[in-house]
Amino acid sequence: AQRVTQPEKLLSVFKGAPVELKCNYSYSGSPELFWYVQYSRQRLQLLLRHISRESIKGFTADLNKGETSFHLKKPFAQEEDSAMYYCALKSGYNKLIFGAGTRLAVHP
Amino acid sequence: NAGVTQTPKFQVLKTGQSMTLQCAQDMNHEYMSWYRQDPGMGLRLIHYSVGAGITDQGEVPNGYNVSRSTTEDFPLRLLSAAPSQTSVYFCASSYSNSGNTIYFGEGSWLTVV
Numbered sequence: 001a002q003r004v005t006q007p008e009k010l011l012s013v014f015k016g017a018p019v020e021l022k023c024n025y026s027y028s029g030s031p032e033l034f035w036y037v038q039y040s041r042q043r044l045q046l047l048l049r050h051i052s053r054e055s056i057k058g059f060t061a062d063l064n065k066g067e068t069s070f071h072l073k074k075p076f077a078q079e080e081d082s083a084m085y086y087c088a089l090k091s092g093y094n095k096l097i098f099g100a101g102t103r104l105a106v107h108p
Numbered sequence: 001n002a003g004v005t006q007t008p009k010f011q012v013l014k015t016g017q018s019m020t021l022q023c024a025q026d027m028n029h030e031y032m033s034w035y036r037q038d039p040g041m042g043l044r045l046i047h048y049s050v051g052a053g054i055t056d057q058g059e060v061p062n063g064y065n066v067s068r069s070t071t072e073d074f075p076l077r078l079l080s081a082a083p084s085q086t087s088v089y090f091c092a093s094s095y096s097n098s099g100n101t102i103y104f105g106e107g108s109w110l111t112v113v
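Taken in order, these protein sequences are the chains called A and B. 61 is the number that our numbering gives to position 61 of the first sequence; each next residue is one higher, with no gaps. 84 is the number that our numbering gives to position 84 of the second sequence; each next residue is one higher, with no gaps.
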């Protein structure tokens, strides 16, 4: 079964602390994974895709096929990073399977 | 640069009423879809379309109807609203090629009482 698991509903850190948002997936083929971010009452925005291997707003994510994980990391959290983060797996024709989401709260 | 536009942004319905959520995109995207967002469940695919005249069901299609008469528009119809359909609805679009970015609308907050 195709599935995305984000085990933490809430991750609370202080400004300047490292952040790791966990994402595990289940997919039989070669996965295409994404991280989307949703700031309060706004639309979802693409943050990262694994095929780009890029760093956006200081965030990085590495696909680990052995552990079937795609964790999102940032070395020093900022208050403006507070948002809802969704890990997503592309299934078939441009369809996305989303995890339940993790709310990141960065405190001053 | 409008992107994906959804209307209305907020709506309150009574049980049994019908309504249509509108979605339009101005990027000439072939692929459009509707998701619902519920706490603790992420976003789930309701219906999708790979081009004008072609629609298919997603993960949670029951109680919803769609049509795609033009490339730009992909309305979502609630046939007889139920409290279980209280949710936030997002429309999304992209080019059909794999690897293209999927763009989301701003969301429509629907409450069924």
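Treat the hints with care, as some may be off.
As the list claims (entries may be wrong) - Derived DEER-like restraints, expressed as beta-carbon distance ranges: (1) Gly16/A to Ser69/B: 51 to 61 Å; (2) Ser80/B to Gln78/A: 43 to 53 Å; (3) Gly40/B to Asp62/A: 18 to 28 Å; (4) Ser28/A to Ser96/B: 48 to 58 Å; (5) Glu79/A to Ile54/B: 43 to 53 Å; (6) Thr70/B to Pro75/A: 45 to 55 Å; (7) Tyr39/A to Ser84/B: 38 to 48 Å; (8) Thr86/B to Phe76/A: 17 to 27 Å; (9) Val12/B to Pro75/A: 37 to 47 Å; (10) Lys9/A to Thr111/B: 20 to 30 Å; (11) Ser84/B to Ser26/A: 37 to 47 Å; (12) Thr60/A to Gln17/B: 42 to 52 Å.
Rather than coming from a laboratory, the hints here were simulated on the basis of the structure. Positions of the beta carbon are idealized from the N, C-alpha and C atoms, including for glycine.
Verdict for tyrosine 39/A, serine 84/B (Cβ pair) under range 38 to 48 Å: violated (27 Å)
CB-CB spacing for isoleucine 54/B and glutamate 79/A relative to the 43 to 53 Å hint: Holds: the Cβ-Cβ distance is about 45 Å, inside 43 to 53 Å.
18 to 28 Å as the expected CB spacing between aspartate 62/A and glycine 40/B, which holds or is violated: Distance hint for glycine 40/B, aspartate 62/A holds at roughly 27 Å.
Cβ distance range 45 to 55 Å for threonine 70/B and proline 75/A, holds or violated: holds (47 Å)
Cβ distance range 43 to 53 Å for serine 80/B and glutamine 78/A, holds or violated: holds (46 Å)
Phenylalanine 76/A and threonine 86/B - C-beta distance against the hinted 17 to 27 Å: violated (39 Å)
C-beta pair lysine 9/A, threonine 111/B: status relative to the range 20 to 30 Å that was hinted: holds (23 Å)
Status of the given 51 to 61 Å range, CB of serine 69/B versus CB of glycine 16/A: Since glycine 16/A and serine 69/B have Cβ atoms about 53 Å apart, the given range 51 to 61 Å holds.
Serine 28/A paired with serine 96/B, Cβ distance criterion 48 to 58 Å: Violated - the Cβ-Cβ distance for serine 28/A and serine 96/B, about 23 Å, lies outside 48 to 58 Å.
Consistency of beta-carbon spacing, proline 75/A to valine 12/B, with hint 37 to 47 Å: holds (44 Å)
Outcome of range test on Cβ distance (serine 84/B, serine 26/A; 37 to 47 Å): violated (27 Å)
Distance restraint evaluation - threonine 60/A, glutamine 17/B, Cβ atoms, bounds 42 to 52 Å: This hint holds: roughly 47 Å between Cβ atoms.
In the structure shown, a violation is registered for the earlier hints numbered 4, 7, 8, 11, in ascending order.
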